[in-house]
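Trainee: Residues per chain, in single letters:
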Amino acid sequence: MIRFVLLSAWIGLLVVASHWMGQEAYRWFPVQASNAAPLVDDLFSLETAIGTFVFLGVLSVLLWVLLFNRAEKYDQEDGPPMEGNTRLEIVWTVIPLVIVMAIAVVSIRVNRELGVLGPMEHVHGGELIEAMDHGPGASAAGSGSLQVDVIARQWSWEFRYPGAQVSATELHLPLDVPVTFKLTSPDVLHGFYVPAFRLKQDVVPGRAIDFSLTPTRSGRYRLRDSQFSGAWFAANQADVVVESPEAFGSWLEAASHQPLQPGLSVAADEAERLARQPAGGIRWATVPPAPPPLVNVPGSNSLPHDA
Amino acid sequence: MTVLTPTSPSPSPPKSSPPTWLRYFSFCTDAKVIGIQYVVLSFVFFLIGGFLAMVMRGELLTPAADLVDRTVYNGLYTMHGTIMLFLFTFPVLNGFNNLLIPVMIGAPDMAFPRLNALAFWMFPVFGLVLIASFFVPGGPASAGWWSYPPISVQNPLGHLINGESLWILAVALSGISSILGALNFVTTILRMRAPGMGLFRMPIFCWTALAAQTIQLIGLPALTGGAVMLLLDLTVGTTFYDPTGGGDPVLYQHFFWFYSHPAVYVIILPVFGIFSELFPVYARKPLFGYPFVAIASFVIVGLGLIVWVHHMFPSGVSQWMRDLFMVTTMLIAVPTGVKVFAWLGTLWGGKLKLTTPMLFALGGLINFVFAGITGIMLATVPIDIHVNNTYFVVGHFHYVIYGAAVMGIFAAIYHWFPKFTGRMPYEGLGKLHCLLTFVGANLNFLPMHPLGLMGMPRRVSSYDPEFAFWNVLASLGAFLLGVSIIPFLLNMVSSVVRGEPAGANPWRAIGLEWLLPSPPPIENFEDHVPTVISAPYGYGTGKPLVEHQGEIELALALLEGRA
Amino acid sequence: MSTSSPLDPSAAPDPAAHGEHGGHPNFTLTGFVIFLLSESVIFLAFFSGYTALKLSATAWLPSGVEGLEWQTPLINSVVLVSSSGTIALAEWFKHRGSLWGFRAFWLLTMAMGAYFLLGQAQEWRSLSFGFTDGTFGGTFYLLTGFHGLHVATGILLMALMLLKSFLPGNYDGGEQGVVATSLFWHFVDVIWILLFLLLYVWR
Ligand code: HEA
Ligand code: HEA
Ligand code: CUA
Ligand SMILES: [Cu+2]
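Protein chains in written order, with the working numbering: chain A, 1144 to 1450; chain B, 48 to 610; chain C, 3 to 205.
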């Protein structure tokens, strides 16, 4: 009886600790700046709680045996010859099965929801192959939303606003307006990744991938290349500015009057500097950076960002 | 008096004469020699791969790309990953297979000894090829250990011999060597077990080796096929993966991960085997639920072959595929859980002896459970979309590979060292090594998880300043891991030279290998293979493992008394 | 101290597991079958690559190429596939102890294999597209070439076995070499059937 009470108390304690950890998990993320972010963070918090419980459970057993089941120094006896217990085996097969399948069901539901809200990639093989997925999101994104063409290069990002004839190396987005990106790459794989949005999509050469989301928080965020793309991969970043639709409108308007100029490309700058510098240290071969795209707005990637 | 010895001194003296060090540099077909060749050479590459990691962690101490050039950093991590997997982990485990399988099942040697030696000698060859790529014009392969096209076929200098083509050559040779090895291990386990040793009397290590080698046989040819096509794209201008010629870069990713996901189970399964061997010995209890643990290995193989797309969730695969592969991936928690709980059941109520191997195994188990849980998180599509290609993934897999697999490998080395060298390793140095490894690994790899969640991509030589704090911690942990190798090397070298003589069975373990003298004679039991009469791990049951066990043990004792 | 061998027969090694002293037991066939199973995965990989590329291709055949001519390859295929029969016959003769019958049919099988290879070479020469003409050209030459390599290997193995059949005492240790070669040959034939369906029949 007393053992049962103690065990229950201990499990209760683990549950409390796991719940606390699950709540703590929200703080490990950058700010939530898209409609996908809360969904992802909730799911992660749930899994952190479950994972903490599993981990602490295993750890408890290990600590217990380490504390109470150590052999005395000269004890040469063997332990009790328990060879197994089929009922226990069934229990610990079924419980994890139920847990992970529950997680899977929740995740599939979140996937659906994400699809409805926006991020549903839509792949065009060259010009023709039609979409693999027609989630409701794909069609919802069609009307009243913004379209941006994203071109990922070795090593720069270019954003084109086809409606307004504007291009930039800094991505501006209106708050709370669904946006659909068309992701293309003329050279190698890249990855479109904005941590504050919790979303990521590889950019595959030879395909045009539609990808949509809705920003939900104003601020300045980092867009990072997430699929290794060569020498200047690490520097292939751009800023994403989410602003009110009015501010966005005036930015776009102003931008359309700006003359074309070389956009941001850390790679091109660094390559040029290295070319002027006398060779020192080891440097291995790389393809040269593509010239910086000509854009209306180069923007900046040295301003402080929120995430 | 006639005594039944398991070692019946062979008629020809050369057989029992101590092996000279020269044999370890020759085309020797003795599995035990080959095993040691594998283990020692793989640790040489471990030091090289670890050294590259030290330079990488040095670079990552500060946000700017300042210690090495960006191109060099890319080469470093590519070679680090490749060396650690293909030149350290697989070979060291093949070394264990060579050392342990024959003695555990009572076979005199491998089924195909010459093939075995051939497979081993390919190892220094492809090792050299890979290391040589540091010195070719343009530097080594720098497209990551995945070698995804198109980046891997860009070939900026246009030479035929370049880092990438040498990389493909090395990986292909390593694949052939592994297939030859796998043929040998599988045939040996299936056909050469001691009389009375049915499959369900076989030590779990052999079960896991069989399972892991089955994966090699199924998966490696697919990788080889994909690599051949990559090499053709790189050298003769085919367009299998080149979209401008109608090819598809994502096709390569399927080939690659169809093998390389199961490959992680090639690594961890034998480590599960090691845990399953060690816990009973040091808890003095039978392995809990032996048949379940045995079968679970093959369930893992089966599932492991159908989860590969979880490495490609953001690659542009369709939603139903993402969902499907998420489910299969998560199912792996079930058979793995069966094993983990079986170990806990084994430890429960036992008489634990905290020797160095036991401490390594316990530490490895803790790290493994942690890594398994982050694995389940990665399998969850929406979460993976966020953390894919970030340091969260790097954290996950170093926890499994260093935290669990390498610690398990160390556990195995300390456990079987006396058997194959005849000498005991030093406990003090061993425990110091264990402590440094456990602390270092956690300090090194835990900070990678917050980094990944914050959005730090992997494979970057420079990063935004907000990531600096955790990176400094990680680098300190890495340097601690570097230091942890010193007591290990000291221990190995000094105990080989002047360690205390071990005797046949220093851990009072149950198993055929412990019924042989240490080190075992060339053909193990020769013709006098004992007949197995009970299940393995009979701790506390009082049942002998083999017929005439008492006589064999007596003979061993006499042999030692004489020595 | 001298020791005797165990008196208890159960302690003696299982003869199936361990042959007489000095000669280790022979597991060549077990190993070879496992090898073939593993080898088939490479073909499987190439087949699935071909299928995936073909299914997703916007323009599969290079411009100017109509398709593959299939009559001559069909004749080639018939020859190759029936050589599975001749090699079985050769084995049957071998079993009956008729070494010359064995050699005759073995040689016939080799000839049929060689005929197939020549036909393949002829076909390659007559084709209007090359290795680097898109994914169709690439996969076509890769698949037929890789298979052709296996045919050549098979012929080489057969030649070896044929030569060895003249060595006195060659079959004392068993006939694994012959059996393995013949298995390999059947394997090569089965692969070809799949290949033929994939390359020539599937439009
Ligand atoms: C030995 C190596 C090893 C092992 C064993 C594993 C085990 C697992 N791995 Fe890991 N993994 C790697 C090595 C390994 N991995 C490597 C090297 C990479 C990256 C390669 C690269 O990108 O370079 C990687 C990447 C990787 C990814 C891709 C991430 C990405 O790139 O975005 C994913 C995604 O699903 C994943 C999942 C898993 C899962 C679910 C397991 C499971 O097998 C874990 C199962 C174990 C447990 C779950 C714990 C024990 C179980 C219990 C205690 C039962 C109760 C548990 C629950 C109810 C949850 N791994
Ligand atoms: C078995 C596999 C294995 C092992 C053991 C390790 C061990 C380590 N790895 Fe790992 N690592 C990988 C496999 C492995 N790694 C893989 C597959 C990748 C992915 C690559 C890719 O993205 O393509 C990777 C990537 C990777 C990265 C990410 C790079 C990036 O994405 O930019 C980092 C960063 O910290 C890292 C660090 C480390 C560290 C600090 C160790 C430490 O544990 C190492 C400890 C080292 C030692 C204990 C030895 C030290 C030796 C000396 C100091 C003496 C040297 C002396 C001489 C040479 C004579 N590794
Ligand atoms: Cu060697 Cu029997
Ligand atoms: Cu995986």
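Simulated from the structure, these hints should not be mistaken for lab results. Cβ coordinates follow ideal geometry from the N, Cα and C atoms, glycine included. Hints may be right or wrong, so weigh each one.
Only pairs whose alpha carbons sit at most 25 Å apart, straight line, appear in this in silico DSS-like list of lysine-lysine [unchecked claim]:
| id | chain 1 | residue 1 | chain 2 | residue 2 |
| --- | --- | --- | --- | --- |
| 1 | B | Lys478 | B | Lys400 |
| 2 | A | Lys1325 | B | Lys590 |
| 3 | B | Lys478 | A | Lys1216 |
| 4 | B | Lys590 | B | Lys398 |
| 5 | B | Lys400 | B | Lys590 |
| 6 | A | Lys1216 | B | Lys398 |
| 7 | B | Lys590 | B | Lys478 |
Listed next, the stretches of chain B that the computed footprint assigns to chain A, with coverage defined by at least 3 CB atoms under 8 Å from CB atoms of chain A [unchecked claim]:
| id | stretch |
| --- | --- |
| 8 | 104 to 117 |
| 9 | 183 to 194 |
| 10 | 308 to 316 |
| 11 | 381 to 387 |
| 12 | 397 to 410 |
| 13 | 500 to 509 |
| 14 | 539 to 548 |
Trainee: Now, for every hint given, state plainly whether the structure supports it.
Mentor: Results of checking the hints against the structure:
1. B:Lys478 with B:Lys400: Since the Cα atoms of Lys478 (chain B) and Lys400 (chain B) sit roughly 13 Å apart, the hinted pair holds (cutoff 25 Å).
2. A:Lys1325 with B:Lys590: Violated. Lys1325 (chain A) to Lys590 (chain B) sits at ~70 Å, over the 25 Å cutoff.
3. B:Lys478 with A:Lys1216: 17 Å, holds
4. B:Lys590 with B:Lys398: It holds: about 19 Å lies between the C-alpha atoms, which stays within 25 Å.
5. B:Lys400 with B:Lys590: Given pair Lys400 (chain B), Lys590 (chain B) holds - Cα atoms ~22 Å apart, limit 25 Å.
6. A:Lys1216 with B:Lys398: Given pair Lys1216 (chain A), Lys398 (chain B) holds - Cα atoms ~10 Å apart, limit 25 Å.
7. B:Lys590 with B:Lys478: Given that 25 Å is the threshold and the Cα spacing comes to 33 Å, the pair is violated.
8. 104 to 117: holds (count 4)
9. 183 to 194: holds (count 7)
10. 308 to 316: Violated, because only 0 residues of the stretch 308 to 316 of chain B bring their Cβ atoms closer than 8 Å to Cβ atoms of chain A.
11. 381 to 387: Per the Cβ count (4), the hint holds.
12. 397 to 410: With 6 residues in contact (Cβ-Cβ under 8 Å with chain A), the coverage given for the stretch 397 to 410 of chain B holds.
13. 500 to 509: Check passed, 8 qualifying residues.
14. 539 to 548: Violated, because only 0 residues of the stretch 539 to 548 of chain B bring their Cβ atoms closer than 8 Å to Cβ atoms of chain A.
Violated hints, in rising order: 2, 7, 10 and 14; the structure is consistent with all others.
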